[in-house]
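Line by line, the protein sequences are chains X, G, A and Y.
Be aware that the first sequence starts at 1, since it is given in UniProt numbering, and climbs by one per residue.
Be aware that the second sequence starts at 1, since it is given in UniProt numbering, and climbs by one per residue.
Be aware that the third sequence starts at 1, since it is given in UniProt numbering, and climbs by one per residue.
Be aware that the fourth sequence starts at 1, since it is given in UniProt numbering, and climbs by one per residue.
The reader is advised that the hints may include incorrect statements.
No copy labels: a pair is met if it fits in one copy or bridges any two.
[Said to hold, decoys possible] DSSO-like, lysine-lysine: derived pairs with alpha carbons at most 27 Å apart:
id: 1; residue 1: 327; residue 2: 203
id: 2; residue 1: 213; residue 2: 86
id: 3; residue 1: 203; residue 2: 214
id: 4; residue 1: 214; residue 2: 51
id: 5; residue 1: 42; residue 2: 214
id: 6; residue 1: 42; residue 2: 86
id: 7; residue 1: 327; residue 2: 214
id: 8; residue 1: 263; residue 2: 327
id: 9; residue 1: 213; residue 2: 203
id: 10; residue 1: 213; residue 2: 42
id: 11; residue 1: 327; residue 2: 51
Derived by calculation from the structure, the hints in this document are not laboratory data.
4 protein chains.
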Amino acid sequence: MRIGVLTAGGDCPGLNAVIRSVVHRAVAGHGDEVIGFEDGFKGLLDGRHRKLDLDAVAGILSRGGTILGSSRLERARLREACETSKDHARDYGIDVLIPIGGEGTLTAARMLSDAGLPIVGVPKTIDNDISSTDRTFGFDTAVGVATEAMDRLKTTAESHQRVMVVEVMGRHAGWIALESGMAGGAHGICLPERPFEIDALVKMVEERFSRGKKFAVICVAEGAHPAEGTMEYKKGEIDQYGHERFTGIGNRLAAELERRLGKEARPVILGHVQRGGTPTAYDRVLATRFGWHAVEAAHRGDFGMMTALRGTDITMVPLAEAVTELKTVPVDRMDEAESVF
Amino acid sequence: MRIGVLTAGGDCPGLNAVIRSVVHRAVAGHGDEVIGFEDGFKGLLDGRHRKLDLDAVAGILSRGGTILGSSRLERARLREACETSKDHARDYGIDVLIPIGGEGTLTAARMLSDAGLPIVGVPKTIDNDISSTDRTFGFDTAVGVATEAMDRLKTTAESHQRVMVVEVMGRHAGWIALESGMAGGAHGICLPERPFEIDALVKMVEERFSRGKKFAVICVAEGAHPAEGTMEYKKGEIDQYGHERFTGIGNRLAAELERRLGKEARPVILGHVQRGGTPTAYDRVLATRFGWHAVEAAHRGDFGMMTALRGTDITMVPLAEAVTELKTVPVDRMDEAESVF
Amino acid sequence: MRIGVLTAGGDCPGLNAVIRSVVHRAVAGHGDEVIGFEDGFKGLLDGRHRKLDLDAVAGILSRGGTILGSSRLERARLREACETSKDHARDYGIDVLIPIGGEGTLTAARMLSDAGLPIVGVPKTIDNDISSTDRTFGFDTAVGVATEAMDRLKTTAESHQRVMVVEVMGRHAGWIALESGMAGGAHGICLPERPFEIDALVKMVEERFSRGKKFAVICVAEGAHPAEGTMEYKKGEIDQYGHERFTGIGNRLAAELERRLGKEARPVILGHVQRGGTPTAYDRVLATRFGWHAVEAAHRGDFGMMTALRGTDITMVPLAEAVTELKTVPVDRMDEAESVF
Amino acid sequence: MRIGVLTAGGDCPGLNAVIRSVVHRAVAGHGDEVIGFEDGFKGLLDGRHRKLDLDAVAGILSRGGTILGSSRLERARLREACETSKDHARDYGIDVLIPIGGEGTLTAARMLSDAGLPIVGVPKTIDNDISSTDRTFGFDTAVGVATEAMDRLKTTAESHQRVMVVEVMGRHAGWIALESGMAGGAHGICLPERPFEIDALVKMVEERFSRGKKFAVICVAEGAHPAEGTMEYKKGEIDQYGHERFTGIGNRLAAELERRLGKEARPVILGHVQRGGTPTAYDRVLATRFGWHAVEAAHRGDFGMMTALRGTDITMVPLAEAVTELKTVPVDRMDEAESVF
């Protein structure tokens with residue numbers, strides 16, 4: 001069997017672990033041939049590809065990024081790109097294509113699949129917002145980086161009697177904010193799923209200080225926004241990929257808190273640090289299992305599907321089902337955290 | 001409501017996170033009172049306890065160990081201890097007892113529950129071998145520590161053309177070896193669940209060297225043992241708690257490999273480093289959720305149960321069900337790892 | 001002997017290690033009494049202090065922040081504060097005061113010393129810019145945090161063909177940028193000591209991309225600024241403590257690079273994460289040695305001095321000498337880095 | 001100029017950083033050619049070498065191990081090897097050889113230099129025991145790994161009322177034990193430089209427990225040994241490289257403490273984990289500076305010398321001076337630590 005593999009969309013720790021696992025299982029396990037396309041669908045469109053054998057993936061398990069490179073596909077060019085991709089995949093003799101990517105990539109994958117190309121998808125998002133899978137790799141690493149930052153900030157906040165506002169990733173789903181906020185012991189968590197009440201946040205911080213506590217840490221998702229009419233705020237622009245640009249809720253919230261509290265409030269914007277570097281053990285295992293099962297699915301002819309974690313099992317779910325709706329944080333998870341405003 | 005809490009058995013990162021979460025939910029959420037017993041059931045038997053308010057649990061989320069101390073209960077004294085515990089719990093006006101512990105503790109908890117004491121258990125084991133829950137806290141931290149050690153050992157093994165044998169925890173279940181072996185890219189994994197074939201291990205290493213690879217890493221669970229008749233080996237003694245002492249499979253395997261391969265093979269025994277220190281974000285979140293749900297179960301009168309992770313949900317399962325059998329590594333998980341011998 | 005200790009100025013990993021070491025050496029070694037003043041000189045002025053015995057410092061060696069709290073002293077109130085401090089120190093029967101702090105604190109310390117109060121200073125700055133000492137504690141931790149961030153950013157930059165601009169601390173001295181830039185393999189380093197040439201930076205990045213490299217990382221100190229006339233730039237305001245506010249060189253440099261290169265350039269502002277959390281082993285050892293030698297100096301009557309690292313030795317240098325000039329990055333250190341623009 | 005480079009002896013984080021720095025400075029800075037010999041002097045003897053250009057060293061700064069491989073030279077073959085090496089170096093047109101290694105390597109380097117080969121050495125030892133340099137790279141990483149292990153062990157020791165004995169590297173010099181013991185807050189430190197008093201250790205632990213402390217951590221160098229007649233002990237064998245094999249002081253000390261104290265005492269042998277993996281920022285900077293200055297020395301014709309750190313400067317010292325005596329821990333450093341037995 002000749003397997004094509006590509007990585008597309010934003011960076012995500014664990015991509016290399018999937019690539020390595022696909023190659024190990026396919027080449028060593030089944031005697032397949034694996035072709036890697038460079039820079040996502042662009043490489044498939046342009047014909048930039050290389051053979052991936054065992055040596056090509058040696059030592060990459062613990063490396064962040066993707067040895068294949070990545071790119072985003074503009075939404076407008078999606079349909080055209082699908083046609084070309086399909087033709088090229090056939091030109092290169094690809095029996096099955098394993099695209100590893102997020103919502104956009106899986107949508108493209110579904111279109112390719114509908115157009116007749118054998119596809120087995122592997123979901124990827126550090127935001128953990130793909131439905132049909134309990135978790136996605138990269139998320140655990142991002143949560144770990146954000147938690148470590150909050151651990152560090154707490155001691156400095158405590159010594160200097162100050163409020164820290166930590167902005168973490170999460171445009172439409174607040175999973176990183178929720179879990180790193182819980183793990184980092186944030187006193188307030190603001191999620192895209194629930195417009196936050198600035199008055200309640202201010203009151204919580206004031207109560208902490210009145211109880212003799214000397215600091216507070218607020219964890220805010222980049223996509224969080226205040227309840228209407230409670231704080232000056234304007235929506236972000238829409239970028240060329242159809243994403244709303246959310247810039248600066250961390251900065252704005254810190255400024256607003258400082259103004260209302262009369263205490264120092266400092267923003268820390270974690271940004272791309274959350275996306276890069278060595279994946280956690282959890283993410284390496286999940287990514288490795290996804291890769292292994294993607295190859296098995298390909299050999300079973302289980303096309304138009306993607307790998308998914310359900311409980312402790314890896315199962316296959318239809319691509320169609322996977323991309324219909326975003327998995328957002330449900331209310332009962334907010335209740336557990338006890339600090340979602 | 002008056003809630004008693006205690007931690008028993010071996011150390012496990014996340015214990016403090018459970019204690020903190022129980023106190024937060026009970027005291028701040030429900031206006032309960034929380035009493036902590038010191039050194040596990042011993043403190044309950046001896047009447048050593050202290051009140052746990054919000055200040056008592058400040059800053060402990062990220063700390064390893066347990067602020068309450070722990071101890072193991074000798075199996076022989078279990079029944080007697082249960083009777084006394086029950087009486088004492090009533091003397092202290094405990095409406096519900098939340099014991100946080102492993103198999104032994106949960107067995108004791110079940111006996112206490114059968115004897116009429118309201119109990120909500122929280123499972124704890126770094127070995128991840130309690131059935132009825134997808135995962136237990138502490139496991140992710142242990143896997144992380146073992147993976148980081150393998151990351152470090154790989155570079156030194158590679159530079160010096162040597163075989164490294166890393167012994168990790170896991171007496172009866174090989175979850176730590178399986179997942180850290182996968183995450184650390186171990187070339188061989190030996191689990192308690194499957195007697196390993198020393199010949200096959202030797203052959204794998206020889207093939208690696210013949211392909212120009214300069215090193216190999218073997219990850220072995222402390223409870224792993226060779227297939228009968230393949231290597232000199234004797235079973236460990238039974239200690240006073242009913243556990244078999246497994247000492248030294250790492251050392252013995254390294255010696256055997258060195259003898260057969262004619263190459264340097266060095267053992268590294270990770271030991272207690274896996275059990276201590278700051279829990280990972282994953283373990284802090286899981287432990288916090290367990291604590292929260294234990295208090296909710298207590299308020300619902302959901303006694304004789306323990307918290308469990310199923311998929312992404314925390315559910316309650318009967319203690320009776322939880323301790324009947326050990327959750328060991330199934331064959332399909334070994335297949336995925338591709339390097340279990 | 002009755003020793004007063006206080007921590008002042010910005011946060012710095014290792015402060016607790018100094019406090020612990022002072023207490024250990026003084027109490028256990030000499031049978032002294034140690035009094036800790038809260039929130040820096042403020043506590044000395046307000047009479048807020050507490051006894052520090054061995055139990056009070058148990059477990060703090062690895063903790064960031066300062067158990068005594070800190071504050072900054074406004075420059076305008078310095079002389080007045082010194083008078084009051086001197087009187088209070090006598091009121092509390094302090095035989096020697098050990099202030100742990102940066103340039104401002106050591107200047108105050110020198111004034112107090114000149115006014116007749118027995119003082120042994122301990123220098124503290126994550127910026128490493130105090131002359132007379134080879135290194136200060138906290139610096140190694142800050143460099144470590146910044147280096148780890150660059151390690152993470154490199155993989156994501158590489159996969160997405162992007163320029164990353166990492167802003168690190170350093171208002172007047174670029175030591176953190178220099179050493180984290182070298183350790184993180186930054187392709188460009190911008191220091192306060194040398195106005196950077198934006199044209200040369202742009203050219204370097206273009207040459208990298210033309211050689212097939214897919215990314216570049218620029219490490220910029222918060223106090224760096226462009227060579228005159230080369231890029232739009234205005235100086236920051238002076239804050240109430242006499243410090244120039246440098247905000248945003250990272251953001252501005254990223255925007256300028258993106259405009260000139262026609263490639264994505266993303267800023268990452270590390271901020272307070274560099275100041276907090278567990279100190280590295282290096283910083284713990286240096287802080288511990290400083291504390292030990294401060295107590296020894298106090299017992300020798302070596303007043304008006306501060307501890308300093310010279311080579312591998314801890315020596316005492318006059319406070320007068322210590323605060324006369326800032327230790328900036330010399331040209332030969334820039335040459336070694338090979339990437340200072 | 002044509003520069004040969006090789007790495008020899010035990011593994012040490014930072015070796016790749018030196019290689020990279022030599023190549024960067026030589027190739028990009030001076031237009032030189034760099035040849036790397038594989039597996040230390042063996043590669044020079046066997047003629048196994050490869051060209052090292054900028055691409056060959058891309059991405060290795062943060063990687064442990066050595067891309068060139070390493071080997072130990074048997075002491076008996078030293079003189080013969082030198083002759084052959086000298087001839088081969090001339091055959092390959094090497095203008096200067098930069099060997100990176102420890103005491104054995106530098107001794108060989110000195111012999112080669114005396115025999116007329118232009119040599120610039122770079123000292124390497126995680127043990128930090130080479131005189132003439134304040135520090136060597138790799139040491140900081142080893143201390144960091146050992147300190148992190150002690151941080152982890154402390155929480156588990158505290159919760160379970162147990163003594164932990166941590167054996168760290170250091171055959172003849174106790175620097176790693178001293179500094180990680182200080183940084184990890186060990187209550188007892190045993191060094192090769194001072195035979196330890198088991199009675200005093202036992203007394204210290206008993207006093208701790210009598211003061212209500214629930215644990216103790218002892219940090220012991222692998223080369224430490226008890227004062228004569230105080231504890232059963234036999235010296236190790238001499239291996240083929242002339243090193244005494246010290247195996248098991250950690251295990252033996254734990255057993256002895258358990259016997260005398262009647263409390264659980266557990267050994268943890270850190271072993272090779274200390275030698276591998278990502279170097280700390282400190283070690284990367286020091287290694288990078290050594291590489292840079294080695295090339296500069298080569299261009300100045302400063303042969304028969306090695307790089308050394310003196311205070312904050314890199315200087316050149318004669319190889320002859322460097323290897324005459326081992327740098328051991330002096331008494332005043334033991335006094336500072338306050339817990340050396």
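These are the hints, each one checked on the structure:
1. 327 / 203: Close neither inside one copy (31 Å) nor across copies (44 Å); limit 27 Å.
2. 213 / 86: neither (61 Å within a copy, 30 Å between copies)
3. 203 / 214: within (15 Å within a copy, 41 Å between copies)
4. 214 / 51: Close across copies (20 Å), not inside one copy (58 Å); limit 27 Å.
5. 42 / 214: For residue 42 and residue 214, the Cα distance is within 27 Å only across copies (15 Å; inside one copy 52 Å).
6. 42 / 86: within (13 Å within a copy, 53 Å between copies)
7. 327 / 214: neither (36 Å within a copy, 33 Å between copies)
8. 263 / 327: neither (37 Å within a copy, 32 Å between copies)
9. 213 / 203: Answer is within; shortest intra-copy Cα gap is 14 Å, inter-copy 40 Å.
10. 213 / 42: between (53 Å within a copy, 18 Å between copies)
11. 327 / 51: neither (35 Å within a copy, 41 Å between copies)
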